[in-house]
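Chains as they are written, first to last, in our numbering: chain U, 4 to 260; chain D, 4 to 260.
Check before you lean on any hint, since a few could be wrong.
Copies of the same chain look alike in the list, so a pair counts if it fits in one copy or across any two.
No more than 30 Å apart at the CA atoms, straight line, and that leaves these computed lysine-lysine pairs for DSS-like [unchecked claim]:
| no. | residue 1 | residue 2 |
| --- | --- | --- |
| 1 | Lys112 | Lys127 |
| 2 | Lys190 | Lys178 |
| 3 | Lys127 | Lys50 |
| 4 | Lys230 | Lys190 |
| 5 | Lys112 | Lys50 |
| 6 | Lys127 | Lys230 |
| 7 | Lys190 | Lys95 |
In short, the hints are calculated from the structure, not lab data.
Protein chains: 2
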Amino acid sequence: MYCPLLVRAHSRQTGASGAELMNLILLFKEDFVDGTSRVRLEGRRLKHVLEVHRARVGDELCVGLADDLIGTGRVILLDRGSLEMEVRLEQKPPDPLPATLILALPRPKVLRRVLRSVTAMGVKRIVLLNAYRVERSYWSSPVLGPGSLRQELITGLEQSRDTMMPEVLVQPLFKLFVEDELPRLSKDTLTLVAHPGASSPCPRGAQGPVTLAVGPEGGFIPYEIEKLESAGFSPVHCGERILNVEAAVPALLARLW
Amino acid sequence: MYCPLLVRAHSRQTGASGAELMNLILLFKEDFVDGTSRVRLEGRRLKHVLEVHRARVGDELCVGLADDLIGTGRVILLDRGSLEMEVRLEQKPPDPLPATLILALPRPKVLRRVLRSVTAMGVKRIVLLNAYRVERSYWSSPVLGPGSLRQELITGLEQSRDTMMPEVLVQPLFKLFVEDELPRLSKDTLTLVAHPGASSPCPRGAQGPVTLAVGPEGGFIPYEIEKLESAGFSPVHCGERILNVEAAVPALLARLW
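Starting from the given sequences, assemble the full structure and let the hints guide the process.
Quick look at the structure:
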């Protein structure tokens, strides 16, 4: 199903907020007026709907319920402080990517963008892992707070019209995770680690689920590659060029699916 | 050739500058001490080499001459204010992508990142085009100044160990460009426009050169799609999900090559 985005013909300001475009308004159970199919929006979502979509009473907007179906919301009431919609949910969200992404924790700004991108691409499990070349200070970034992580995931879902919230695992202990958790986590998947020095290229068109590990800027160190190899991971490269994390991750996912 | 990056074993700070990693130090003719194979670095590059690579006398660094060969530079002199290297240039830079990217001008911050990513991926011609949903204010951004554009391209080349500077064309008049310039520019290439509503998927593995047009957040409007179709462009989608420009462009390029 292609759920058309309402963008007013007279509005050029689709990117005006400086944030991602909300192609779907993600709803939560608590947005519903008790026992009805009516939702009430306030705050961030209301602002976006008013300023970017420029919604009016009678308009239909693309909506979705978190971890549930997508559909449309018809605006039935609108004022400066709140908006009410009559909601019909009837379609399944897009298929997830059968991918687990293991990402050496990037610097906070990059982390925000990568979380949004990979959520938008449909990744449903993301592991944020320590590595030798991860700066220690990144681990104390407020981006890692649960509210902040969740907001990036929501933005990614809204961008790509999805409702299924990814799971994010935070793993500050490389060795412990790779030895004790990773074999179980990556069982029955194709296990790849992106590594510029690898002799094999990243395959095109994965047949089944994949666990993909991506190192920090500067790469995993040889010890880390060895540990990942012991856990069954095959190093693969993505061509002669070294890409930064923000370009490498979408490029690898697009190559695999 | 895999030209190993010098990263000191004791240095975790490969991303410390908050910028992309300089995997190759891009040199210009004017860096050379007249009539020798010696270069002198100052400013931004010196700072990076000292703080991130932590270079010492005798170290070999990966270098490349703009629009020319890549090779190594051996540090022969080092103090706080300058660094001298003896340079040997002997290898060709990585192959370019046979791609022209036509990009509806994104907001300035996104433009910076996309320029770096696509340069790192090997795109050698980038057209920044106006479109209905491009905010007018983006056209007066300082990022579009030639010095600023050039710096983003240099960063992308340094990231991916390339030396061949892309060409950037700035086209603020959509209709004039698409009618008068685009047919010539895209002659004998596969001409695609990324459009979420398209009925065909973006092909995998392009056989020859491609001209790829990517709209603004919110997409090209129907009139613009029609004009591009009249210029020979086929709308293609990238799956059910709508991606933002920063993820969509690397994903499309990775799918095509």
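Here is what the structure says about each hint:
1. Taking the shortest alpha-carbon separations for Lys112 and Lys127, both the intra-copy value of 21 Å and the inter-copy value of 27 Å come in at or below 30 Å.
2. When the C-alpha separation of Lys190 and Lys178 is checked against a cutoff of 30 Å, the pair qualifies only within one copy, where the shortest distance is 18 Å, while the shortest distance between copies is 54 Å.
3. In this assembly of identical chains, the alpha carbons of Lys127 and Lys50 lie at most 30 Å apart only when taken from the same copy (28 Å versus 40 Å across copies).
4. When the C-alpha separation of Lys230 and Lys190 is checked against a cutoff of 30 Å, the pair qualifies only within one copy, where the shortest distance is 16 Å, while the shortest distance between copies is 50 Å.
5. In the homo-oligomer, the alpha carbons of Lys112 and Lys50 lie at most 30 Å apart both inside one protomer (24 Å) and across protomers (22 Å), since each shortest distance falls under that limit.
6. In the homo-oligomer, the alpha carbons of Lys127 and Lys230 lie at most 30 Å apart inside one protomer (24 Å), although the nearest pairing across protomers, at 38 Å, exceeds that limit.
7. For a Cα distance limit of 30 Å, the shortest separation of Lys190 from Lys95 inside one copy, 28 Å, qualifies, whereas the shortest one across copies, 42 Å, does not.
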